[in-house]
Amino acid sequence: MVIVDLASWACILAGALLGIVGGVGMHRFPDFYTRLHAVGITDTLCAALFLLGLSLQAGLSLASLKLFLIFVLLFFTSPTASHALANAAQHGKLKPVLDGSQGEASR
Amino acid sequence: MIYAVAAFAILVTMGLALARALAGPTIYDRILAVNMFGTKTVLLIAVYSFMSGRSDILDIALIYALISFIGVVAVLKLVEQGNFHTSGGDDDQERPEKW
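Line by line, the protein sequences give chains A and B.
Per the working numbering, the first sequence starts with residue 1, numbered consecutively.
Per the working numbering, the second sequence starts with residue 1, numbered consecutively.
Hints should not be assumed to be uniformly reliable.
[To be verified] The calculated label-pair distances, taken between Cβ atoms and stated as ranges, are:
| id | chain 1 | residue 1 | chain 2 | residue 2 | range |
| --- | --- | --- | --- | --- | --- |
| 1 | A | Ile3 | B | Ile67 | 34 to 40 Å |
| 2 | B | Val5 | A | Leu60 | 44 to 50 Å |
| 3 | B | Asp56 | A | Val4 | 19 to 25 Å |
| 4 | B | Met1 | A | His91 | 20 to 26 Å |
| 5 | A | His37 | B | Asn83 | 37 to 43 Å |
These aren't lab readings, by the way, just hints derived from the structure by calculation.
Here a beta-carbon is modelled for each residue, glycine too, at the ideal position from N, C-alpha and C.
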């Protein structure tokens, strides 16, 4: 049981670290498309590590089945939402901040 | 104890996302931040379910994941087309220049 606990704590701590890194990237990256990259990290791997760590705590039960369902849902919806956002931004003629150009991003 | 650490990390991330949603220069930044906020809310509800020992709260997290995705896609459609009733594809819709 100690090994399972340690594995689940490692997963949860790694997920927490990835979440904070993604939040900082969300705050500091210069334009929309780079922020999309930061959100892509936190939405997939951070959520997957959290749910894996929680389901290691739950063992083989109904709770871990629900956690697996949440994982499947996030696994399909979060890349779809990211793609729809990028598509909408491109369709709305949002220009990325390129090297040397000063964007409208916060400075 | 580990749940408290996880909840704190998720809350910090949600705060950063909320700051970007308030400060974001374009509407797409705001939608992106709200999308991330929704995903983190799902994780926070799951962690809270384990913290309080009631596994039925996980159903709320499941439903929230569904509603969050539908909401983001609906807001994107509204921003792109200006309404909900056109089927998309036509590029001659009136769109405000600045949001």
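Hint check results:
At about 37 Å, the CB distance of Ile3(A) to Ile67(B) agrees with the hint of 34 to 40 Å. Taking the beta carbon of each, Val5(B) and Leu60(A) are about 25 Å apart, not inside 44 to 50 Å as hinted. Between Asp56(B) and Val4(A) the CB atoms are about 23 Å apart, so this pair conforms to the stated range of 19 to 25 Å. Met1(B) and His91(A) have their C-beta atoms about 47 Å apart, which leaves the hinted 20 to 26 Å range violated.
Between His37(A) and Asn83(B) the beta carbons are some 31 Å apart, a value that contradicts the proposed interval 37 to 43 Å.
Hint compliance for this structure: hints 2, 4, 5 are not met, and every other hint is.
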